[in-house]
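*Asks:* One letter stands for each residue in the lines below.
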Amino acid sequence: MTVEKESTRTAAVVVQQSSRTAGRVLLSGGTVVALILLVLFFFLMRPDSFLSFVNVRNILYQVSILAIIAGAQTIVMVVGDFDLSVGATSSLAGSVAAALMLDEHSVGVAILAGLAVGLAVGLVNGVLIAYLNLSAFVATLATMTSVIGLAYLVTAGTTLFGMPPEFTQLGQGRLLTIPMPVYFAIAISLVIWAMLRFTTVGRRWHAIGGNVEVARLSGVNVRFARLLAFTLAGFVSAIGGILLAARLGSASAEQGGDNMMFSVAAVFLGMTVIRSGAANLGGTMIGVAIIGVMSNGLNILGVNAYVQQVVTGLIIIAAVTLSSLKTRER
Amino acid sequence: MTVEKESTRTAAVVVQQSSRTAGRVLLSGGTVVALILLVLFFFLMRPDSFLSFVNVRNILYQVSILAIIAGAQTIVMVVGDFDLSVGATSSLAGSVAAALMLDEHSVGVAILAGLAVGLAVGLVNGVLIAYLNLSAFVATLATMTSVIGLAYLVTAGTTLFGMPPEFTQLGQGRLLTIPMPVYFAIAISLVIWAMLRFTTVGRRWHAIGGNVEVARLSGVNVRFARLLAFTLAGFVSAIGGILLAARLGSASAEQGGDNMMFSVAAVFLGMTVIRSGAANLGGTMIGVAIIGVMSNGLNILGVNAYVQQVVTGLIIIAAVTLSSLKTRER
Amino acid sequence: MTLAEGRPEVAASVSSTAPALEAVDIVKSFDGVHALKGVRLSVAPGEIHALLGENGAGKSTLIKIVTGLYAPDSGEIRREGHAVGFANVRAAHHAGIVALYQELSIVPTISVAENVLLGEQLPGRAGIVDGRALRRRAKEQLERLNQRISLRKLAGDLSPVQQTMVAVARALATDARVLILDEPTASLTDTEIREVFAVLRSLRNEGVAIVYVSHRLEEVFELCDRLTIMRNGETIVTKDVADTTIDEVISTMVGRSAGSLYPERGTATTDVVLTAEHLEGRRVKDVSFTAHAGEVLGIGGLAGSGRSELLRLLAGAQHYRSGTVTVDGAPLRRRSPVGRVLDAGVALVPEERRSQGVMLGASIQDNVALANIATISRAGWVSGSRIAQIAKHGMADLQIKARSARQPVGELSGGNQQKVVLAKMLARRPKVLLMDEPTRGIDVGTKAEIYRLIRELADSGTAVIAVSSELPELIGMSDRILIMHEGSIAGEVPADGADEELLLSYAYGRSHEHEQAE
Amino acid sequence: SGGDSGGGTGDGDEALKVIAFTSGNQTPVGAWWVKAVQEKADELGWDLTMIQGDFDFQKMNPAVESAIGQGADVILDGYTDVSSIGSIVTAAQDAGIPIFSIDAGTEPSDAFAVNITTDQQQIVDQTVEALDESVGGLDGKTVMVIGHDPHAGIRMRAGLAVEALEEAGATVVGGEPQQVTSPATGRTEALNFVSDYLSANPDGLDAVWAGWDDAALGAAQGLAEGGSSAKVTGVDALSESIAAIEADGNMLATIEQPWPSILDQLVELVQAYEADGTLPDENFVAVDATLVTKDNAAEITPSDKLG
Ligand SMILES: Nc1ncnc2c1ncn2[C@@H]1O[C@H](COP(=O)(O)OP(=O)(O)OP(=O)(O)O)[C@@H](O)[C@H]1O
Ligand SMILES: Nc1ncnc2c1ncn2[C@@H]1O[C@H](COP(=O)(O)OP(=O)(O)OP(=O)(O)O)[C@@H](O)[C@H]1O
Ligand SMILES: [Mg+2]
Ligand SMILES: [Mg+2]
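Quick note, the sequences are listed as chains A, B, C and D, same order. Quick note on the numbering used here: the first sequence kicks off at 19 and runs consecutively. Quick note on the numbering used here: the second sequence kicks off at 19 and runs consecutively. Quick note on the numbering used here: the third sequence kicks off at 285 and runs consecutively. Quick note on the numbering used here: the fourth sequence kicks off at 2 and runs consecutively.
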């Protein structure tokens, strides 16, 4: 993050310049190496089933919502911030959409309302952070708290269910035997990737994340760009939440809760993939894949859920440490 | 956080210098004002009960463990970092202590073991962050995950109970009608406060948090000081967790979970209290008080639990925004 | 202390002792840029030794090597005759070598007293700081500098001058036997400079070896015993101050006939492109001037005279309190952001390349594209081919040496980094190009290229306004020169045939004498 | 137990002072209980202090204890496991106030004057029998058990289910219950357990036994998506699971726990204590629950529609 980048700027450059050996280039792929090792390990343990079409599809299905929310997190982290409210926002959006459908509103209206809710939460985050200069951590922590509360109010604390099949098909339908959310995740990831890479606003975000002062002196409207990043993150989180509701056929206030931590972890894992150490969508997807493969593989091996948790933390540390060797001072 | 501090350092200093008016001094107390307003509001709503001795004692009892864990968080945040693992560490320490007592070990041994566990987790965090240069966020996120897993393993996923009364007395006993944890919280807060303020290591932490590069170039051993901060935070979290187990007469893997978010929120609230905008123990305690008063007051008013959550987020935003007006550019 | 204050005695004692600090044949390169090419420096106990040289000569790098911040590629550091090597700043501290680094000042969030004693063993016992002793010691240090700054204040609340004095006090508070000060007085006023000098003299008399880096030669001649001049990473000469003159030093420092470096001057037009009227900033006071199409307007002055701020005000990077800026006859709105000013045709190549000019982690083409988002995009979508094109043009026009347009800027040499900043702004085809220290940290060959570029731009009708601290450069590249002194324009001189001495005298605010003399 | 023989208010003039608390007020049943107790209090003229803990014992326990400090005649505990309220139990015993509880642990405990809950063994027997019937005998079949150890009831019945299933000759996946780590994401976790298992072992599951309905619904979805016709049973009788049972999918059965009648039973015991200080004879009462299948689904009031 910017923290270290700024403070040890001189040192970082020295290190970058003084030592670029082949070994380091290899290490820079530490996270990718970690993913490959994981896949190999599980494949060797379960050669017949782990890499089967059915199981790969299964993994893709399982990570599709996380991929979308991690995409939202990537946008914000490209700009050098955090968004702790992505999970809560997704739950609220799913709950609002579900509640409206149960209240006899059309699927279209309900989805639009859910998306609008996400947009609104993102906008609030953006205003608090870009214009009122609150720290991203405290602002999104606060909105997260309020938004979870709102989600409880919308669901009255229960699990909403019984949405029309046109809706649940979005999450459970299949095309060529592949579940719909996988397509959505791919499409949204591609859009975010293209947006970050090929649009003017994407360039501005990168510039702000790279060096906010350089960006400002190059004519970038920093505040507006940050506002936009948070707003978009809210919107994308809402898509994730609505899809999750469709996928589960139900909506509750905290069903997207764990996506927040996992999304941050995925982006951090992905940041180690590229040389500049910035958040990037490709890396995020590798992070998502690591999380998905880890959980599926450990499940298939029948590893106890608690041991799984211990191992998850260790693998994250191992992957990041592996990669951080190359950028010691960053 | 350091992000903004570093990048707009010059600007911040300039702004600080150019405008120090009376109005600003008043605003700088925004968080204190927020606390006073909250207390006043609840007092007016429930004049007979809110400020009664019994209820004030009750609030103190309720926030005492959070106060200890927020103290741990303060240490780390003085240095300019985060520790997301404080809650998990406290749960693990409490669980280990409880498990040992149920396993017929003496109370003393069990407590020492719990403290050692906290120290160890803190040490791991410190090494990962100070020596392996992992970002504090990702390192403590990973240890948090692993540590929760360990706590589940230690408790076998259940709630351990039936610890000897010598132990539970630490959490439930009273002295002059005031529950013991209140004394512990006060004592630990005083120690941390004094440590941050009067000891050489405390002063170094402040220097590192203020400008890590200047500190390093002035000969401060930055790595060791950061290691120490994380280690101590782990240790103090363990005290909190052991007391929580004594206080509840039980230990489970997630019973300290929400203390993490609340501790960060409390420190952030407290950072707005002083001019330099640094984490500080006095401010943290005001943050803890806001959280405690808010929750107790809303309960006394019988506000719906979900509405409480919405309001909690709003109050945090209001308090921080109020104070941030003074330090626009920090 | 039996030694009387004064130079001769000290100089005598110098010759009889082993050097307190010696740097022998130090070589250091940063990925292709040879910062130091075999530097020698020898400082005796009880002397103040000036280290002089142009920007980028390698002075700061040498200091960082001596104090363990960088490792030298080759060469040796000797402390009292013994070879030493420090792994970090603390190790150097332990050996009695302490530096006050350039542009590094205070920790804003802690008290003045703590800043003064930062990095020192704090007074007290068993790890408990004795606050009263801390403040007493800090107070003593500040009193030596005649500073009456409240010790409990946050250092961030001090004025810039006070902050610098606190930083100086910190360096002086160490019981260092070798004290290195890298441009400590750059942002100080005369009064403070006096106080600093008094302390340095008394330290010298106590036998401390002092290395003093400064661009203010008058100071050097007043304070120092000996001087070492560096140029392009080499030591040229070490002399007793008494045996030389400012003129000799300047010509040694510059080391070449300036003429050949600079292209022929063009013919400036009289079309006014930019007018500044009564600009007031933080330091800038009532500045008015005009810039014409096709001219290179140089701005000179001492460090801290407000040149950079003036450019920042013009570029919208900082808002002016009052005054007007007019570009091509159209007044700019006050508080216009950089983007708006850029659109009006005014582009800034900022002073601090690393923190303001380039994104080190991003590629050349991404850096160039940043200021040209409108040209490289249609309907919000960026065209990869346009970026490649714009980057290719820039790289060709400016002869940027790089593997490809996708190479990260952080891997380029300083000169090429600077060219990337230029390419970024030139692609905007600005009517007015503001350049702050356009050649800082750039080697001689590259400098000539940049001067040529500046001239080409001017010839194509751009108004170039360039700030420079190097007088030969200022004279060589400009058509007309404005000299700033304490925020105002102290004088205007046509560059052709301008005399360095005259410029310097304006810069020092002694304009009257010279005007009368002429 | 700590009941004092002279307890109760006896004279009947003063209102009975009751402290009621629940940590589970964020669940549908917990929310119903809060309302139902308030209604009883209004009806019977109790002086009621209701404390809702939001699953946060740090917040709830001190609140309850300070209420105890102010004096009370009776304490009601709704759905809060005995292991989490050690400090409340101590305070109540010190003050000589009996605790009457609903579903506060699965085993007899001296902490309570009485704890009425459903009979976990009977729940397991009914659900396992239903599975047995639907798969045509469990012998040699593979069954996944989904549990959540932090919940005492679920933990106990999941353990009993493993025993019962193995006794019936079935193989339990992994030999132990699969653990959901967070109730908030229980449905997704259960879904993943099942789909991961099925993708590694197509047609490898004959049935899933889930400790509560949310997980059961996730498991049912995982089975449906994996193209399996295996059946699932849950516990809770949520309206969603009842609907799923009626829809004739993978969801086979659930368990209705008769909370309203349990509360009535509890109130009777409180009234007996109020009248003359008699404490219940037994401090643990396990009542029978009802198996909900397609046959009786229409007659069952879902637990989330109680209030
Ligand atoms: N960290 C670095 N990475 C790459 N090049 C560097 C680095 N530090 C210095 N240089 C280069 O080394 C050369 C010497 O720089 P140095 O800072 O020592 O000059 P200086 O004499 O102190 O100049 P000034 O008078 O401007 O302070 C310059 O060309 C500079 O660009
Ligand atoms: N990036 C910046 N942000 C905020 N203020 C700045 C910045 N750069 C310069 N200033 C302010 O402008 C004032 C004038 O200094 P300035 O840098 O303009 O002098 P200068 O003549 O260019 O000297 P130098 O040789 O040091 O660049 C200083 O007080 C400084 O605080
Ligand atoms: Mg220098
Ligand atoms: Mg300047």
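Please keep in mind that the hints were generated in silico from the structure rather than gathered at the bench. For glycine and all other residues, C-beta sits at the position ideal for the given N, C-alpha and C. There's no promise every hint is true.
Chain C residues, not near chain A, derived (Cβ > 10 angstroms throughout) [unchecked claim]: (1) Ala-482; (2) Lys-523; (3) Ile-534; (4) Arg-567; (5) Asp-627; (6) Asp-681; (7) Leu-682; (8) Arg-739; (9) Ser-753; (10) Leu-786.
Under 8 angstroms between C-beta atoms, here's a sample of chain A residues computed to sit facing chain D [unchecked claim]: (11) Arg-64; (12) Ser-67; (13) Pro-183; (14) Gln-187.
*Asks:* Which of the numbered hints are not met once you compare them with the structure shown?
*Replies:* Hint check: 5, 13, 14 fail, others pass.
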